[in-house]
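Asker: Read off the chains here:
2 protein chains.
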Amino acid sequence: MLQRIIVLAFLIMTATACEQKQTAIESSGSSSQLLLSTSGINALKNSDNSIINQATESLEDKVQEILIEPVIIPQPVDAGGGYSHEKHKRNYAELYQVAISYNLNPSDEKLTYVKEMFDGYANMYPTLGMHPKDKENHPGGKLYWQGLNEAVTLFYMIQAYDMTRDFMTEEERAKIESDLLRPMAKFLSVDSYDVFNKIHNHGTWSVAAVGMTGMVLGDDDMIDRSIYGSNKDSKTGFIAQLDHLFSSDGFYSEGPYYHRYAILPFIAFAEAIENNRPDVKIFEHRDGILRKAVTTLLQLTDEQGRFYPINDAIKSKTWESDEVVFATNIAYKQYKDASLLPVIKMMNKISLTDAGAIAANAITDTTEDFYERPSMFIADGVDGNSGGLSLMRSPQNTAGQLQTVLKFSTQGMGHGHFDRLTLSVYDHGNEIIPDYGAARFLNIETKRGGRYLPENKTYAQHTIAHGAVVLDQKSQYKGNVKYSEEHVSQLVKNDMSNDRLQVTIAADTMAYDGSKLSRSITMVNDADITNRPFIIDLYHVDSNTGHQMDLNYPFFGDIIDTQFDYNRPVNKTVLGTDNGYNHLEVLAKGSPKPNSTNSQFTFLQAQRFYSITSVTDPSTELFITQTGANDPEFNLNLQRQYLIRQPSGSKNHTFVNIIEPHGFFNPIQETVTYPKSAFSELTHEQQGDYDVVTFKIGEEIYLYTLSRKRDGKNNHTITFNGKSYSWDGPHQLIKL
Amino acid sequence: MLQRIIVLAFLIMTATACEQKQTAIESSGSSSQLLLSTSGINALKNSDNSIINQATESLEDKVQEILIEPVIIPQPVDAGGGYSHEKHKRNYAELYQVAISYNLNPSDEKLTYVKEMFDGYANMYPTLGMHPKDKENHPGGKLYWQGLNEAVTLFYMIQAYDMTRDFMTEEERAKIESDLLRPMAKFLSVDSYDVFNKIHNHGTWSVAAVGMTGMVLGDDDMIDRSIYGSNKDSKTGFIAQLDHLFSSDGFYSEGPYYHRYAILPFIAFAEAIENNRPDVKIFEHRDGILRKAVTTLLQLTDEQGRFYPINDAIKSKTWESDEVVFATNIAYKQYKDASLLPVIKMMNKISLTDAGAIAANAITDTTEDFYERPSMFIADGVDGNSGGLSLMRSPQNTAGQLQTVLKFSTQGMGHGHFDRLTLSVYDHGNEIIPDYGAARFLNIETKRGGRYLPENKTYAQHTIAHGAVVLDQKSQYKGNVKYSEEHVSQLVKNDMSNDRLQVTIAADTMAYDGSKLSRSITMVNDADITNRPFIIDLYHVDSNTGHQMDLNYPFFGDIIDTQFDYNRPVNKTVLGTDNGYNHLEVLAKGSPKPNSTNSQFTFLQAQRFYSITSVTDPSTELFITQTGANDPEFNLNLQRQYLIRQPSGSKNHTFVNIIEPHGFFNPIQETVTYPKSAFSELTHEQQGDYDVVTFKIGEEIYLYTLSRKRDGKNNHTITFNGKSYSWDGPHQLIKL
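Sequence lines, in order, name chains A and B. Letter 19 of the first sequence, counting from 1, is numbered 19 in full-length UniProt numbering, and no numbers are missing. Letter 179 of the second sequence, counting from 1, is numbered 179 in full-length UniProt numbering, and no numbers are missing.
One chain only, chain A, in its complex shape:
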């Protein structure tokens, strides 16, 4: 499992390749080969741009705090979270900040600090064997229990050295290079050959660190091995990583939380390559995959700029993360994509690099405070054929944007969740039907050292923790990562060409043996029908044998109304015994009202009303559950779920639901508007591969017809109530 690294500040510097060497600090020149050039330094030093000045002033404040403390380089003994581990991490971050600061605002004190730090590490490094705890977190390092931290350390150290070596003596440089930088690069690329040549973000940190070291030391072999792999055959190395770790649409299968982390070595090393090896044309590679990697990451956010917490993710992480600030700056510098400027403006901070200065200076008074989030399908897989994410978004207006995420991407390795065809819903930047994210309190030592908690595997990764369908209380793909990695879901149909009516249909045939799962999500934006957009959610299960089928809707908020009958159990009742069911307490068990073919559930979240209207039958069971069962350490977040169950024995079933935001509670004015669902008399009928749905709003009846055929046929006809209805395209919604 990846031990996450806290990087205190990413203020990476860069320099164009052939700067003229200058030794006088006053002329603002270093011979930097990496990310901050003389012109960048001048742009940052002599600016009337408030974002730039804020960034440089903030750096100076931090550096003044750093300089108060003595340089301490402890013997590496502790595991992650322990003193020596955390201290080495702080050291490289602070070294890096002081090095930038020395270029912007030189002082003897800063230079002394930098030299002392380098000298100390150069003294220690040759004496180190493998870290005493490396077996616990293999592949191991020397300064840390895992090699990843070592790569990140060199990534920052080489930049700090790049920016300060001109101000050192020949002798000082020789010692640092021969006793610290070359040995670290050798450890990472030769001793740790496997990681260096792995198609994995750990490999990216290694090649970025070693490659940049080659550029600073003028070692072409090091550079070539980093870009093209140890064998220089392009089967491994940076380019191979670029080719395999991002989907054709720039999606990173672990999800945006790790995407955000991985983007840093990718974009930084690419910028260094562009400066030192412009012939590679790295930013044009694979049709500009680095641009897609950045823009796709930015799009994977709710209206507050928070990343969708799919797979293992810490919630509340936003695009204001330093890595994203850094990445957007370089992406803007390279691609001049004006759509990035509103994001950079809203971040209101930059990286202290050439790119940061260029980005800050590109912002004008007319740059909008608004980032456009249109509907889009993001394909997963190198060729774009391995499922993906459907992001459906209503037009942005003052009532806020309704967003759905239909997830049917690949497993995402060890950080993936078993949740193909999961739906999550966001409205006005709030989580309505949420993804649970990871069971982890990051960096909080009392919570098992801030690592992933046991409940991450026993609950968060399971299917039932999501807005998904579970058969027979078992997670998809037998809960087996390897097995799940081998299979992909399919995009059946996607049409977002028309705001009024958008649809994505996705299918999976391997999650459960002998069962075909298919889900269509339709978003309707039509002010003539409802005051807010709504979602039609059709989930088909077709199976050879009978199953218990559970469709789960996690929700946040207060239960306001239930148009079904329920009882609250007197004794403690847990929903099941394993696969995450063991963590859910049954708060209420219900059944549809007699003689009713619909059930309805209304909740209030963030002062807005939402309803789920469902087609149900007398056999349907309805549950309201809550996390917290079998949670001895209070590790689970409080989360409630509305679960619709078709009992054992069903072979084929369609879950038919309409999810609708419909009203507001204003606690200041004490007014309530539209507290009740607009929908009634919801029906569904399957005619071959056609779905025929009707519902009533007020006195009007609407007919929604959808073709789930893959045949590419564009013309469809069904018969309903003895009358024939035809349409072009995937679907139609009309008033009857």
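These are calculated hints, taken from the structure and not from any lab test. Every residue gets a Cβ at the ideal spot worked out from N, C-alpha and C, and that includes glycine.
FRET-style restraints, in silico, Cβ to Cβ:
1) B:Pro374 <-> A:Asn46: 43 to 51 Å
2) B:Ser107 <-> A:Gly429: 34 to 42 Å
3) A:Pro74 <-> B:Ser591: 34 to 42 Å
Dock chain B against chain A, hints included.
Answerer: Frame of chain A; chain B shown alone:
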């Protein structure tokens, strides 16, 4: 129980007494006797003030919407929430808005609308008997099931009439006055004599409505009865209400939620009196009690401007409520209190009155966006001798203000909670140790018509729902409002003269027979000791007989660490059988660690860490509980509590706790600072009326000594560890 009224917009108009009558609209003159004069109209019409223009444009937009709909005046048949009830409420609010709008921006359409509305009501009113449902919500009305709504209706109607009668014919006026306004005033003041003469906010609405009617119709008798009571002897009426409904410090015993509502008729009628009867000098009355009523209300807020939800309160109500906007405007006009201007600026809206225009124009570029909330004691009781609220606040800085509310005010009538000596804590505008507020979903029909829910009486009003001590699982004052109303708590000591060390000591001897309760809350602000302020909470119970004693700390957030042992019950366990205990499920039951004299509980709320460090002994029991037991309709909000129990048999006990905010989790930077409590080795010793507390922070030991004597003696000495310590004033905190 008071059926709360939704008032859609309070944009009351006022006029100085002796305006010259003008009939031409173009000259902007009406003969208004009430709240908006010709000069006010001109100030609102010809303004370059953005707040004013926003307010007038917003009014015009609303009025254009109103004018689209036909005037409909239904027969009064429905109870609260029903059609006729809600329609009549909308009618007066809209009539009032159109009347203002006609003065600012006249059109025939607006005048026709006003005349049609008045004419319709004048036709209907004489035909009405008592409302068919009046028995359900006595004292009843004619247009509504309760008389209160009738008073509020006249309050707005008379203002609308005041602003438009100049544009009516003699005949139209005669009909409205004789068939509608005089009959309504008679119904409210003569037929409903008891309410009119009650010292209660319902009476205030009545006298305000009738008194303003007298001013507009030139009826001195009506005015006199309103100001001095039906018998004109000042034993009832407006002045008597002013004398008895607010404490000497302007506190309203039902709490800020109802204070906010009641302030409107007080301040509006006062303004009308000032305009029509300046000799009364109403704003000087009782040492300017109306000023105190407004400023005290504003002070009863957290850093987000949300009212402390003590007693029956809907949460999230802020000072942006229209009633408060209105009240601050008039208070500023009358008292020119510059401390109100930042609030008015932050509200960014005004009432459309003379006062609103004056307030808006008083705001300058130098008006701060910052409201000072100092520590203060707010006395309850007409003479200030009936307990009160201690508001302790740390200095305001970027880390946010720590606020404590120690509540020991009077019961607050039917809307009061049995929670003398309750502590609640707010930090940086977030609820940390919260008050539950009311069990009610206001105006949400599916939640029992939006009325108070049964759980308000079975849970929210009980002692255990609060940060209070409960003896023997019984609520204070036997849960009897009348009994509680008869007794008051006492302020023992209060010293807020020094930011570093502030203390309030409060006592109650009647909440439990034969038991003396006393609580001292000390706030320490000393950067040499801790990075954030902290709270020392000492709660003494002295009793003749043995009791089970429960100190309860409701909390919001995730449980991060527990320095005590606990088990989570396998079966459902409810904390008790009545007095609110029946609604609490036991999530965990614990006991102090063996050989430890302290227990510690750490939680994370709004990305900040908080700890409660407690002196415990081997008999202490610790519970973590959660609302939700015996809650068949999911009416209770999810709320957790940390409960410290001394088991049955204790006669005297001191609960010794330190409550401390101490760290931050930054999900964007993924950094954690100070996640652990700074405190250890907490001890307490009682020496007569002296508390002697020690604790350790890092390697330092601190001694806190407090005198609980009422003797006024200012010089104290105790002996600790064989050494003598002396201090001046109530308390001392020193490093040993």
